[in-house]
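Q: If you're matching them up, the sequences are chains U and F in order. The first sequence runs 1 to 387 under this note's numbering. The second sequence runs 1 to 229 under this note's numbering.
It is worth saying that the hints were derived from the structure and are not from the lab. From the three backbone atoms N, C-alpha and C, an ideal C-beta is built for every residue, glycine too. Hints may contain errors.
Said to hold, decoys possible - Below, computed lysine-lysine pairings styled on DSS-like, alpha-carbon distance capped at 27 Å:
hint	chain 1	residue 1	chain 2	residue 2
1	U	Lys17	F	Lys138
2	F	Lys121	U	Lys3
3	F	Lys116	U	Lys3
4	F	Lys121	F	Lys185
5	U	Lys17	U	Lys82
6	U	Lys17	F	Lys185
7	F	Lys185	U	Lys3
8	F	Lys112	U	Lys377
Said to hold, decoys possible - Quick partial rundown of chain U residues pointing at chain F, CB under 10 Å, derived from the structure:
hint	residue
9	Arg11
10	Arg289
11	Ala300
12	Gln307
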Amino acid sequence: MFKEYFAIAFRSVVAHKIRALLTTLGVVIGVASVILLMSLGNSARTEAANQIRSIGSNLIYVSISDRQGALPATWLSEIQEKAQISAFSEMVSGTASYQVDGSNVDVSISGVNQYYGFVSNLSMTHGRFLNEFDVDNNLPAVVLGSKIPDLLFPNQGVLGNTLYIKGMPFTVVGIVEERGTNFSGDNDMMIYIPIDYTRTMFPMGGRFKTFYITAESEENIDLTMSRVTSYLSNYLPSSNQYRIFSQSQILGVLDTLMALLTTLLSGIASISLIVGGIGIMNIMLVTVRERTREIGIRKALGARRQQILVQFLIEAVIITTLGGIIGLTVSYIGAQIITSITDFNVVLGWDAVLLSLVFSITIGVIFGIYPAMQASKLEPVEALRFE
Amino acid sequence: MINIQEVTKRYEMGSNIVMALDGITLDIHEGEFVAIVGPSGSGKSTLMNIIGCLDIVTSGTYVLNQIPIQEYDQDELADIRNQQIGFIFQQFNLLPSFTAIENVMMPMTYAKVAKKQRELKAAQLLQTVGLGDRMDHKPTELSGGQQQRVSIARALANDPAIILADEPTGALDSKTGKEVLTLLKTLNSNGKTVIVITHDQEVARFANRVITLKDGRVASDLAKEEVYV
Numbered sequence: 001m002f003k004e005y006f007a008i009a010f011r012s013v014v015a016h017k018i019r020a021l022l023t024t025l026g027v028v029i030g031v032a033s034v035i036l037l038m039s040l041g042n043s044a045r046t047e048a049a050n051q052i053r054s055i056g057s058n059l060i061y062v063s064i065s066d067r068q069g070a071l072p073a074t075w076l077s078e079i080q081e082k083a084q085i086s087a088f089s090e091m092v093s094g095t096a097s098y099q100v101d102g103s104n105v106d107v108s109i110s111g112v113n114q115y116y117g118f119v120s121n122l123s124m125t126h127g128r129f130l131n132e133f134d135v136d137n138n139l140p141a142v143v144l145g146s147k148i149p150d151l152l153f154p155n156q157g158v159l160g161n162t163l164y165i166k167g168m169p170f171t172v173v174g175i176v177e178e179r180g181t182n183f184s185g186d187n188d189m190m191i192y193i194p195i196d197y198t199r200t201m202f203p204m205g206g207r208f209k210t211f212y213i214t215a216e217s218e219e220n221i222d223l224t225m226s227r228v229t230s231y232l233s234n235y236l237p238s239s240n241q242y243r244i245f246s247q248s249q250i251l252g253v254l255d256t257l258m259a260l261l262t263t264l265l266s267g268i269a270s271i272s273l274i275v276g277g278i279g280i281m282n283i284m285l286v287t288v289r290e291r292t293r294e295i296g297i298r299k300a301l302g303a304r305r306q307q308i309l310v311q312f313l314i315e316a317v318i319i320t321t322l323g324g325i326i327g328l329t330v331s332y333i334g335a336q337i338i339t340s341i342t343d344f345n346v347v348l349g350w351d352a353v354l355l356s357l358v359f360s361i362t363i364g365v366i367f368g369i370y371p372a373m374q375a376s377k378l379e380p381v382e383a384l385r386f387e
Numbered sequence: 001m002i003n004i005q006e007v008t009k010r011y012e013m014g015s016n017i018v019m020a021l022d023g024i025t026l027d028i029h030e031g032e033f034v035a036i037v038g039p040s041g042s043g044k045s046t047l048m049n050i051i052g053c054l055d056i057v058t059s060g061t062y063v064l065n066q067i068p069i070q071e072y073d074q075d076e077l078a079d080i081r082n083q084q085i086g087f088i089f090q091q092f093n094l095l096p097s098f099t100a101i102e103n104v105m106m107p108m109t110y111a112k113v114a115k116k117q118r119e120l121k122a123a124q125l126l127q128t129v130g131l132g133d134r135m136d137h138k139p140t141e142l143s144g145g146q147q148q149r150v151s152i153a154r155a156l157a158n159d160p161a162i163i164l165a166d167e168p169t170g171a172l173d174s175k176t177g178k179e180v181l182t183l184l185k186t187l188n189s190n191g192k193t194v195i196v197i198t199h200d201q202e203v204a205r206f207a208n209r210v211i212t213l214k215d216g217r218v219a220s221d222l223a224k225e226e227v228y229v
């Protein structure tokens, strides 16, 4: 019998094509914006997580502000011993400016040791990272981020070439694979040199100590962090003086933030779904009024109240489901456009398909039920008299 | 078949109380062709609504085929209309976006008749009323007389015992009106009980019995021979 109701309702929708299509617009916009924003948010989450993971998920980041010089000179080796760390690198950073095509370009200079490449999970496209020999002997070797060669050495060989940093010549020994931008800035605009150079180039940099540690394994991250914390707290009584966090903590915070943002945006977008639903209710009420006579005829011919109710409810649901399908198509096209013009890879999953159908059917039922009830409650005599 | 006892129907319009039916008692038997006549305001439309189970009495009793109608609720009345009564209206009341055959099938849909059977029966009925070649036409593509014949086919869909026609020729010219009445006459001679509500004496001539209403009461109830001597 449901098939019959569906057929009747479908015929009525088809009989009023233009109106039905216009009515779907609200649902189309609502579903499209909710699905698109959710997919965009999810893609952004995946993207961010991938980027952070590429840096190394066992990474622990420590920054210390030691103005009084409370830490002993041997602090680094002491931490290494106490926390049983195998790979770590201190970093002292600064910037240098270069003239490129008449404008200034800032390049981040990071003084690191030979372990930094491992700790930060760097891959090389050309040459090698700084090695123990470079660092121990303070050799003028430099490793470039992926954007630097084209910028500073256009149309020339890069490896073995000379780069002047603060007036000192350095020999390029390697180029790092593209890494993108993250919370520490544009990784591809960085260059890496042995740390002792930066200590002299940027003497102020020494007060703020930054170092990177790789925990032995993911399970050891918390243990390593607590050992480092306990060592630092011996010398630095205020916990404001040092900050220590792991890659997975950053990942967690970022993920929570992104999820919140996605929910918020989807929430705002779903207002348009409600507006669309009210539009449906409005049109259905007009439809019921216009078709009072039809309802009267159907009742005279033997339609029960429930049959009229179901007919009009199904009509509303057909209209909103149609809107949901169109909305899904629109968001699919939108996703393709966003993917092609930005770095985001927006993917509509099956959950989006399912969700848009659930949304649109629910909207149809919620906002269709009142007009359908109005229709079913009409008295046959009154309805037949309606002109 | 139809037994109406002391039926009243009262409408309240604000402070105005209108007694549309004021104590009507009558019996209609199977196979009769009855015309209910009277000037406008006489209560004939109200009586038709009561007989057609579209409306309920204020007081009195209405028994249709042993069913005490006043004891039934809206949905049960819908079933009774569906099964027992075939309606023919002055304005045809066909659904404009559906074809002739779809209109005829509608009462069978509500009777939950299978689709194949519905199509067969509807086609058969349209053949009977002479519209075998117009089945897929929409009402707007048919003349008034053709539309009324579609609605007669629809009235016959569930084989009701009673055909209830409200001014069936009111929207037709006299020639097509006669054709429609002849069709009703044929149905009557095939055993259907036909009740026609009309203000037109010419229409009433086709009936075997003429009930005249005035001010909500039965003014006269005469056999054809008595009316047109």
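Q: For every hint, state whether the structure bears it out.
A: We went through each hint and held it up to the structure:
Between Lys17 (chain U) and Lys138 (chain F) the CA atoms are separated by roughly 17 Å; this keeps the pair inside 27 Å, and the hint holds. Between Lys121 (chain F) and Lys3 (chain U), the direct Cα distance comes to roughly 20 Å. Compliance with the 27 Å bound is thereby established for this hinted pair. Proximity of Lys116 (chain F) to Lys3 (chain U) is assessed by CA-CA distance (about 14 Å); at most 27 Å being required, the pair is judged to hold. Distance hint between Lys121 (chain F) and Lys185 (chain F) is fulfilled; the C-alpha atoms sit about 21 Å from each other, no more than 27 Å.
Note on Lys17 (chain U) and Lys82 (chain U): the hinted pairing is violated, with a Cα-Cα distance of about 76 Å set against a maximum of 27 Å. With a CA separation close to 42 Å, the supplied pair Lys17 (chain U) and Lys185 (chain F) exceeds the 27 Å bound. Proximity of Lys185 (chain F) to Lys3 (chain U) is assessed by CA-CA distance (about 38 Å); at most 27 Å being required, the pair is judged violated. A hinted pair counts as satisfied when its Cα atoms are at most 27 Å apart, and Lys112 (chain F) with Lys377 (chain U) qualifies at roughly 22 Å.
The criterion of a C-beta within 10 Å of any C-beta in chain F is met by Arg11 (chain U), whose closest approach is roughly 7 Å, and the hint holds. With its C-beta approaching chain F no nearer than about 16 Å, Arg289 (chain U) sits outside the 10 Å limit, and its interface hint is violated. Look at Ala300 (chain U): its Cβ gets to within about 5 Å of chain F, closer than 10 Å, so that hint holds up. With its C-beta approaching chain F no nearer than about 7 Å, Gln307 (chain U) sits inside the 10 Å limit, and its interface hint holds.
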